[in-house]
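Go by the hints and put chain B onto chain A.
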Amino acid sequence: SQTIHQWPATLVQPVGSPLSLECTVEGTSNPNLYWYRQAAGRGLQLLFYSVGIGQISSEVPQNLSASRPQDRQFILSSKKLLLSDSGFYLCALGREELGELFFGEGSRLTVL
Amino acid sequence: QKEVEQDPGPLSVPEGAIVSLNCTYSNSAFQYFMWYRQYSRKGPELLMYTYSSGNKEDGRFTAQVDKSSKYISLFIRDSQPSDSATYLCAMTLYAGGTSYGKLTFGQGTILTVHP
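Residue numbers (this note's numbering), protein chains in the order written: chain A, 1 to 112; chain B, 113 to 227.
The set of hints was computed from the structure by calculation and includes no laboratory data. It is possible that part of the hints are untrue.
[Claimed, not checked] Within a straight-line C-alpha distance of at most 30 Å, the following computed DSS-like cross-link-like pairs (lysine-lysine) qualify:
no. : chain 1 : residue 1 : chain 2 : residue 2
1   : A       : Lys79     : B       : Lys168
2   : B       : Lys214    : A       : Lys80
3   : B       : Lys168    : B       : Lys114
4   : B       : Lys114    : A       : Lys80
[Stated by the list, open to error] Covered stretches of chain B (in silico footprint by chain A; criterion: 3 or more residues with CB under 8 Å from a CB of chain A, positions within the stretch not fixed):
no. : stretch
5   : 116-127
6   : 217-223
Because the structure is a prediction, the values reported are computed rather than measured. Think of the CB as a built atom: it goes at the ideal place given N, C-alpha and C, for glycine as much as any other residue.
The shape of chain A in the complex, shown without the other chains (with noise of 0.2 Å):
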């Protein structure tokens, strides 16, 4: 079965310091992988989406990046971290054949 394993769970990190948030899925290869933000009282919203290693296509501009570096590893990045970044981050993997978007745990991000 495939699975999705995202950390860290919980980051609390001051305005203006960098950040990595790693995902990796296990039971498929050359999956499509998302990044989603969950901001608070907001729906989710699309970040980054990769079909391959080294493909990466941004939906919206803004503060932060993502990389792919290896089939099943996504990692999403910001090198200076601003209040708004705070949300809830959700690494996400499309089932094609099910026509499903199936998400991991994610990891919560506070900057204050």
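Using the frame of chain A, we list chain B on its own:
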């Protein structure tokens, strides 16, 4: 105007009640509609999906899509305390490839079912 509007609630109902959750959208090109359930501090999980207009039933859950009105609904019959969660509607333009992952979500409705 947001592409997808969903009343955030919160909605509180007694056990056994019928729950109606709704979303409206502005982009008539959306063709594939989904409902996700999200428990507190967890990632969302797919509950139901429908293509285009029509109804779909799965146990206690019924999803309806009315493309002419740009309106989708999720009905929960005989609601249980375990149904307490945030319900998110989502939709996408196409059914295929990365479109399954490039979803536009509503804000989510917080539902509490009390015993």
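Now the hints, each set against the structure:
| no. | hint | verdict |
| --- | --- | --- |
| 1 | Lys79/A / Lys168/B | violated, 46 Å |
| 2 | Lys214/B / Lys80/A | holds, 26 Å |
| 3 | Lys168/B / Lys114/B | holds, 26 Å |
| 4 | Lys114/B / Lys80/A | holds, 29 Å |
| 5 | 116-127 | holds (count 3) |
| 6 | 217-223 | holds (count 4) |
Checked against the numbered hints given earlier, the structure breaks only hint 1 and satisfies all the rest.
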